[in-house]
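J.: Spelled out, the chains give:
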Amino acid sequence: MSIDMFTDLLNQYDWADVSRLIDTATATDVERALTRPTRTLTDFAALISPAARPYLEAMARQSQQLTQQRFGKTMQLYAPLYLSNECQNICTYCAFSLDNKIRRRTLTDAEILREADALKAMGYDHVLLVTGEANQTVGVPYIKNAIRLLRDRFAHISMEVQPLDQPAYAELIAEGLHTVLVYQETYNRDSYQLHHPKGKKASYRYRIETPDRLGQAGIYKIGLGALLGLSDWRTDSFFTALHLDYLERTYWKTRYSLSFPRLRPIDVLGASGVQSRDFGACMTDRDLVQLICAYRLFKPDVELSLSTRESPRFRDHVIQLGITSLSAGSKTNPGGYVVEPQSLEQFEISDERSPAEVADMIRRAGYEPVWKDWDPTLMTVCH
Amino acid sequence: MTTEPLRIADRTFSSRLFTGTGKFSSTGQMEAALLASGSELVTVALKRINANDTADDTLRHLTAPHIHLLPNTSGVRTAREAVFAAQLAREALKTNWLKLEIHPDPRYLLPDPIETLKAADELVRLGFVVLPYIHADPVLCKRLEEVGVAAVMPLGSPIGSNKGLRTIDFLEIIIGQSKVPVVVDAGIGAPSHAAAALELGADAVLVNTAIAVADNPVQMATAFKLAVEAGRLAYEAKLGVTASTAVASSPLTAFLDD
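Protein chains in written order, with the UniProt record's numbering: chain A, 1 to 383; chain B, 1 to 258.
Hints may be right or wrong, so weigh each one.
Okay, the calculated bits of chain A under chain B, using three or more residues with CB under 8 Å as the criterion [stated by the list, open to error]:
(1) 60-70
(2) 246-260
(3) 357-369
By construction, these hints were calculated from the structure, which means they are not laboratory data. Bear in mind that the values here come from a model prediction, so they are computed numbers and not experimental data. Think of the CB as a built atom: it goes at the ideal place given N, C-alpha and C, for glycine as much as any other residue.
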């Protein structure tokens, strides 16, 4: 059978079989995976398995060495710029969810520029534009306008918005968009439907085919990930690795990054006022370190990104174990930097340190904070 | 004892060690290592610098008078992008020297031979001193030479891999037939690899990762400096010929001399 889209490949896998493959991996499987010069998906399954727990230190050492070899002693820095919290979807874990009765806000041109100025003053040259999914207010024209406003101010523009059609991506790339992050949230179809009961996002298929549309549009970089906490993290991570492997083979000119968003508490506004919704511990810090190292051993060149969802102590340590890019000083509400700092956030952040403080920490760890690693002039020629 | 200087286009270099500026833990450490290396030609990625900002942190640490900047086009995927980036680099850094690298593959950064040849042809006509990063492909080297590049930069092994001279059979052919200097770029992971390249007859080597990622980059830069000097000295002294057959102490044909 020919594989034209990732879904063709995905259909050859069964969630329960993959879970079993991971759970039944043995110490021998892990040792074999650790000694290979390059690793297969089966090796990756062994490295994220419970059987690999006793080998965490060996994995961390190899991961550190590989990361330094491929990326040097550097750490990229970026910041999210939330443009809007309007959203037509219900996602059970997100504060922007349609059923959360918070005040909705979409930044005007002047407000976008004020937020941009604040980020530039912090030293940022890489900005990640974020919106909810509300096609009437923050559709392609709005995003295109935002990119036009910002493309001369930032060296690198990424975006994390609703999935779009291929022509829309091509249009935005031509405007100066470099990277698109699109997390599948979970690869488990049942769990996906459970957590996305309403809105365009309820279509599992449209979302999972988004990276294919991006690759076909010729995007420079795609960010992938599963939201850790919606389904079993090990099985979801296997499918993320499968997806990454497929994309690398298919859209070989595109670069890829992975993120590890663990679910964080959100504030929900209901009839009785604001309540915090906590999702508990879906995976331990030890599990997350195992996952980061496993990805690095599987794909030595993939960019691994860590957000301010994680605690300062955790971030301080894992930057040496495989992570290559960090956000810092993030605000997850529209206007959060200067325009309207007090509004409700998409999720609570855990590392509240300023970018300067995080950069100092990176330097103390023996790494160079890198604010710029792209130049828009490199993509000004149309393909 | 000094070795013969290296001439590329209109410039003469006493050091045959070229270096890169990426992957260091700080720009201060980068500067210290580059100074220790004695390198006179240092590549700078256009994407990492604010070329129009005189206070750019990387550029501020590259002001030693003996250091010439070699902007590179890392990040471009096509000949058209490379030509555009080259023109911007020339304007911003006031140099017509260019390390041409076109790698559509972002993982192994393997150079695209077709786009590289196209871009080199145009850039030479636009007045650039072009040093293309390429596979160790002898035919491509001759084709590049024909369009007028100033040197060729074949890879020793995949960039950043530290695996050394895995392409040695092809490097020997390239060195043997090249009319322009041959700079072995990418994959050199140890001073012994650099010495081997110079012993082989390469005109220079370009090293980045092996220095930048060492526990002590300054010390490693010094080691590379010495290795390159040793390799070139050995080359100029002419290495003994290696023999694959034994030279018998009682030759079978000795009777002919009787």
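J.: Hint numbers the structure violates, sorted upward?
T.: The structure breaks none of the hints.
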